[in-house]
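Participant: Chains as they are written, first to last, in the numbering used here: chain A, 1 to 256; chain B, 1 to 256; chain C, 1 to 256; chain D, 1 to 256; chain E, 1 to 256; chain F, 1 to 256.
Hints should not be assumed to be uniformly reliable.
Since the list can't tell identical chains apart, any single copy or any two copies may satisfy a pair.
[What the hints assert, rightly or not] The calculated EDC-like cross-link candidates involving lysine to aspartate or glutamate, where the alpha carbons are at most 16 Å apart (straight line), are:
1. Lys98 x Asp222
2. Lys135 x Asp222
3. Lys197 x Asp244
4. Lys115 x Asp222
5. Lys197 x Glu211
6. Lys186 x Glu207
7. Lys98 x Asp220
8. Lys197 x Glu207
9. Lys83 x Asp112
10. Lys94 x Asp78
11. Lys197 x Asp209
12. Lys93 x Glu207
13. Lys83 x Asp209
No wet-lab data here; the hints were simulated from the structure.
Number of protein chains: 6
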Amino acid sequence: MAKAEKSVKTAGKAANVKPVQEQPVLHAIKGGKSAPKNGAAKTAAPAKPAQSKTAMIKALANKPAPAAADDAPVIALDLGPAKLSPAMTAYFKKCQDKLGFVPNVLVAYAFDSTKLEVFAAFYNDLMLGESGLSKLEREMIAVAVSSQNRCYYCLTAHGAAVRQYSGNPLLGEQLVMNYRAARLSKRQRAMLDFAVKLTASPGSVEEGDRERLRRAGFTDRDIWDISAVVGFFNMSNRVASATDMRPNTAYHGQVR
Amino acid sequence: MAKAEKSVKTAGKAANVKPVQEQPVLHAIKGGKSAPKNGAAKTAAPAKPAQSKTAMIKALANKPAPAAADDAPVIALDLGPAKLSPAMTAYFKKCQDKLGFVPNVLVAYAFDSTKLEVFAAFYNDLMLGESGLSKLEREMIAVAVSSQNRCYYCLTAHGAAVRQYSGNPLLGEQLVMNYRAARLSKRQRAMLDFAVKLTASPGSVEEGDRERLRRAGFTDRDIWDISAVVGFFNMSNRVASATDMRPNTAYHGQVR
Amino acid sequence: MAKAEKSVKTAGKAANVKPVQEQPVLHAIKGGKSAPKNGAAKTAAPAKPAQSKTAMIKALANKPAPAAADDAPVIALDLGPAKLSPAMTAYFKKCQDKLGFVPNVLVAYAFDSTKLEVFAAFYNDLMLGESGLSKLEREMIAVAVSSQNRCYYCLTAHGAAVRQYSGNPLLGEQLVMNYRAARLSKRQRAMLDFAVKLTASPGSVEEGDRERLRRAGFTDRDIWDISAVVGFFNMSNRVASATDMRPNTAYHGQVR
Amino acid sequence: MAKAEKSVKTAGKAANVKPVQEQPVLHAIKGGKSAPKNGAAKTAAPAKPAQSKTAMIKALANKPAPAAADDAPVIALDLGPAKLSPAMTAYFKKCQDKLGFVPNVLVAYAFDSTKLEVFAAFYNDLMLGESGLSKLEREMIAVAVSSQNRCYYCLTAHGAAVRQYSGNPLLGEQLVMNYRAARLSKRQRAMLDFAVKLTASPGSVEEGDRERLRRAGFTDRDIWDISAVVGFFNMSNRVASATDMRPNTAYHGQVR
Amino acid sequence: MAKAEKSVKTAGKAANVKPVQEQPVLHAIKGGKSAPKNGAAKTAAPAKPAQSKTAMIKALANKPAPAAADDAPVIALDLGPAKLSPAMTAYFKKCQDKLGFVPNVLVAYAFDSTKLEVFAAFYNDLMLGESGLSKLEREMIAVAVSSQNRCYYCLTAHGAAVRQYSGNPLLGEQLVMNYRAARLSKRQRAMLDFAVKLTASPGSVEEGDRERLRRAGFTDRDIWDISAVVGFFNMSNRVASATDMRPNTAYHGQVR
Amino acid sequence: MAKAEKSVKTAGKAANVKPVQEQPVLHAIKGGKSAPKNGAAKTAAPAKPAQSKTAMIKALANKPAPAAADDAPVIALDLGPAKLSPAMTAYFKKCQDKLGFVPNVLVAYAFDSTKLEVFAAFYNDLMLGESGLSKLEREMIAVAVSSQNRCYYCLTAHGAAVRQYSGNPLLGEQLVMNYRAARLSKRQRAMLDFAVKLTASPGSVEEGDRERLRRAGFTDRDIWDISAVVGFFNMSNRVASATDMRPNTAYHGQVR
């Protein structure tokens, strides 16, 4: 393992995975609020320094709110936790510090440090990197796609993100329930129409669909980004559904 | 850009992304055959050293077979090509040497070197890394999923991969057309039933579905891997469909 | 209240509508809390006595929370408000007193006092009358059906009711998103499986489906009640969707 | 029960529910013909005065035509018949006198006098009350919705109603089989297109759909009424399918 | 005319098309009743000898019942009528004599005498030739398939055939509306379950489906025949829908 | 049987069914090449003269390619082979001579000489007779329909036919995978859009759909022919799927 740790030390320098110290955490809470206010999350106090990495992973799964205890493990598969690379150990610590918990999707991938790392690299570039789409817009796509696929994990985590980024609790709910009920700009409506069509019947997307996005003001690069986010959540929804991934309970009470 | 190039130079040292010199190419041709035999691909002779990276990307898109010229660009979005990182430049060269062409999905991602790198890292770990699933089985999932989603790009590229890995041209065809027509072992049938259900209605997958896989001999880790491959192609199918990605014509004639 | 009772006394002459003094309000808030605690609803202070019935209807539509203003009228149809019958006037007052607002579905039906009255009578008998199903179970059906139909109004109002009756915020969310993600007893799972099948493909329900409910412990009368609740929300979902009915914003913050 | 009966006695005075003696029966036969002419119904002679209400309910279920005996009970649930309120007793007698039988949907609800009463009140206001839609149009919607949902009970009973109101046996058949095969006015076609869309995918109905109705000449109140009828039969279809409700055989031969 | 008749004279000798004098007419009326009894059809008196074939074709399209006039031509395509071969002329005459009209599907195919002849040969072998399936069973399949496909022409013509062969008007209606509502033997239910599955999702039919038929008592030859009838009506339904084929109005009133 | 054979001898004289000696074989190989070039088919050398007709049928099923042996019988039903009529015997011989094998669909129908004969007559008139549609266009429809229905047999056999008639291997692949990926003329795109809609939801085809074909340049007779081909393959797909019909392996390698 020493060798693995060593190889990770230089990982921060790799161009293709942003150095951890610069990596934004998933769904950073708007306005720097590091701890959600309402009941459920209040109990999710930062765990004490864990003795071992294995213990840490368990500790990082935040505790359910008293009234809503949900004793399910993070996923329904029995996968022994891996020894995290230093980069990923640091990443988890950063999540804990900023969010008060490590998102369960990361805990789920932590059975294999490489898989965790490429997943995090992919995710962070996609959702937090430069794009003509705002972070809110990317989260809106995430929720609209996840609603189409009825993914409990992603609707919970990214529904909270939409509420946070928009400061509009109703918008988050509407995208979870039926994006057509939301009062959207023409741009955002075109974006979500494309996202839902691409999710529901990918084989029927054609030039006319791209043209509608261009007419709504999107560049070709924006169309790539929309498609990439749609694609990503069609992946994540399925990994989450296939493994019965359970969201951190803290999400439920955020920004209501 | 200089900074990006520098940061990429050390990329090979990152533990979490296999060094490029060790990275297998996509669907390496079985038995080390570096050039497909049949007509279409014969014409795709290695391009001469390209003057610039931009030129190289164009050169790498292999030439269509005479009888089946398909003048479409690789994707229907106009994205300027990026300067590839040295790692990715090396990776493209390796593809060219081993396959005779660079798979168009890589050419498509090459508008952004970081996106290309995280995509390739994700792909290579998933499809070529260690797993209880054989590489053929992972390709079988790729094709069954892509058939459900009617993805022209992925059916072409991964249909060829199934033909190559299995040495059975009929199997490739059957998975493209209707996996139920293939004569599969119980294990592989259970695997593809799960893959297609997870693709078609992810929200309805439950413990009973995982149990069926366990009864067919799969471990929990295998179930993760099946789910991850299903998820990945549900992503790739959508990026390909959204962008009208065109497969290299060489695939069509391989292993018929 | 005396006045309300008096005005109701004459209402009691209608055989088919329970006298108002016995009529429970829709989703009475558990434990007698008459005002929701969180921000959005706080602003929904009881309106002053309205000069006219027309004014009252407008006043009763509770005000949106500042951060989530949603200026849509209650429905997207322009229907002049009717003169409410004394019974319905009293009913609205009772809602206002107990809930802090009149549910928008009632405001919507108030364009015609007869329609409002038969709707309220139907609803109250169904959801609050005697049954082998608990009120929570009836609300769970309401949400599972409304999720299948993607009805924003009903998911919001009855999602809140599930959270209230169960005291379990997660349960409400899970039924909104995907009832299969909830940890349900066999009885409740059988109930919701039947509800969703009857919603999605009514023409395929047969004796085997009723038998499954009987095996889960339901009587034939319970099966009627389940079917009647499923039917009712398949009606309400469609009236709400057809008219773009908007839920009272107070619901969103309740029992999170 | 005495109390309930008493409260019913005065029911006729309530403005909001039409007095029973004025309540039209379901699908009153056009032109005052109180007995259908063709074979099947001829045999459904009025039952003798029943000794008890329980007996009466059984007697009211009309006898099947000889060639088409269908020994199924009215519904597949074993629900003991209730003592009917005087209002409902009178209502059943009126059905018997005018139609020659009591529609089985009413017999089905007769296990609970209150449920029967609110159902009848709801139904009569909706289908026979004032509206910009003719009674035929409301029945046309009933059949188009029931065809979408493949509801044997409602297609039979309301198919007969369309044949009666229109005097056009083909129209009834066409709406049962495929409303697109009927030669409809633009108004009626728009009405049924809306009805079928609202039935098949309620969550996708939006302002554009309402606009199409307005352009076809419907007022906002008409749109409410269309939606309410669509909603009602989406309810009735499901109650009928869930309980295997069997139509009176007399319907089959009417107005062929 | 003489020439055409002559070329047709030898047609009867062709082995692959049964000699006309032995060809049964479509849906021959049970018990040799050559004229339906009820009103609509009464008016469809045999046309007088037509002067020309063109006139004859028009004359053969039976007249609509007074109350249900439907002025549509037989199909919505403008195809000049062909000169019928003597065999087909004789066949049409036989239909007229036995049924009182020529089924409109034959009138539709009469734009091309060869197409008419191969269609009639195919149809007659399939529906009236030797088989382990009774003629009623073949018609039941026709209706169940046509209901799935919502084909107005076939539901009308073959719904009448089911009523005739079974002498059970309800059975015809039930198969039109929802075959699950019919009280069927296990054999016939298995047959229609297979027919509807093969219609709705042919690509998912597998050995298990054939096994279910075998367990219900069907031989392999019977399974072929079921499949062939299902296939045939999936063809006819589409030709009829694509051309807006209108059924003879006489069917509507038969055996009600 | 003697009589049947005799009646067949004169079949050639019947105007309405092309004489066998003039009947084109299914998918005649373009340019008179009677033997496919690539490996799989090379092994399918013409069988020696069979001793008996039964033996001949077996012999005609061409041998699988070594690498892709597929030991399944032609269909999954056990139907004894019939004595073929002289006409059909000649027809099979002609297939063998021209194609190098008898298409398995004909082998499948050979359990009953009459069924084989009417099937072949129907097929040959439809696919090889005079029409405003080219033979390639008819094959394109066959493949697009078979793709919608996921029919392994027809996709294989008619996919090969599209490759042969068009000389474009990619076109065949694209129609198998997703016809929207093919670069089609407006005419052919309109044709396939109609074909796929008529396949997927026949009950929703209306005048507007026919109008679109007319605007794309099709005559009413062309529309009949398109509909007839769509109908035919909706039949064949279901017979093939219901019986697990296996295509001759020679098709797989043709014109790649």
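Participant: For each hint given before, does the structure comply? Return the numbers of the non-compliant ones in rising order.
Facilitator: 1, 7, 10, 12, 13
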